[in-house]
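Colleague: Residues per chain, in single letters:
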Amino acid sequence: MVSALKWSKPLLGDVLVILFGLIFVSYLFKSLWHNEQAAKLQIRLGDKIYATFSLDQNRNIDIQGPLGVTRIVIANGKARFASSPCPNQYCVHQGWLSHKGQAAICLPNQVSLELLGAKKPFDSLNY
Amino acid sequence: MTKFQKKKFIEIQTTADDHRVAKLAAFAIGLHLIEAFLPSPLPGVKPGLANIVTLFVLYRFDFATAAWVSFLRVFASSLLLGNFLSPTFALSLSGAVLSLAALFFAQNLPRRYFSAVTLSVFAAFAHMVGQLLVVRVWLIPNAGIAYLIPIFMAAALMFGVVNGLLTNYLLRINPAKLDEDKG
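Order-wise, the sequence lines are chains A and B. Residue numbering for the first sequence follows this note's numbering, beginning at 533 and increasing consecutively. Residue numbering for the second sequence follows this note's numbering, beginning at 3 and increasing consecutively.
To be clear, the hints were calculated from the coordinates, so they are not data collected in a lab. All clues stand as given, with none of them false.
Computed from the model, here is a short list of chain A residues facing chain B with C-beta under 10 Å:
(1) G545
(2) V547
(3) V549
(4) S563
(5) Q634
Facing chain B, from chain A, some residues (calculated, C-beta under 8 Å):
(6) L543
(7) L544
(8) D546
(9) G553
(10) V557
(11) L560
(12) F561
(13) L564
For clarity, every value in this text was computed on a predicted model and none was experimentally measured. Every residue, glycine too, gets a C-beta built ideally from N, C-alpha and C.
Full structure from sequences and hints, please.
Modeller: What follows is the structure, given as structure tokens:
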């Protein structure tokens, strides 16, 4: 059966494209599938950093945005939008964030959360 | 039919090209429909067999014909499946637009080194990107989908290679122009 199929010989370009595809996909797995626990929560309001909190505490944070008060909860090393005045509630439905690099954004009220690791890889470089 | 009777109908002048596009689109629609009934482990992970037809047409005819076949396939399949203008249709359409854009650029690659496999992989990746854009902008506007992106892209690569090989095979066993014997 297989011998009846006249497969063409693989071409150099095809092999390279497949290789680059594999590298690309494994890079995606590596960058999006890490399980590193986050240590800090950075909250942005509009285009400014509102505050950065340690996740090593239990705390409620209320932020006044353009639409109203957004409540963010930190508990047991995780963080979430607990309530938001936005109409679609996407941010609240996203639930708990716990891994480094995870983010939740509430566009209507301009509040966003980002979880950071213990330290950012390069904060500054000096020569 | 008398002249009087004939006047009552709108007659659309069709050319041989139109018939060819319709015939090829019918193949693509058939594959699309078969695929729609196949169970899928994740919504969005599909072999994309209809893309084989698009690639075949691109090689045997030209880009414009391939674009026609692709868009007819998207619109007709959605009408047949009953999801015209639904999110599924939007995903299908954005995927088709982006994969045609990828093919538009990739078709100029030297044929000596790049076969349908390359074009198929590019088209599959572009198709995924198109769908993910719609998902991100319209359907699930939070970052929660990010965890699935690697799986989607891995599937796109795998099915892209398989479809490309199948297209190569089809091109090989159909060296004659399709329109000469069937048009």
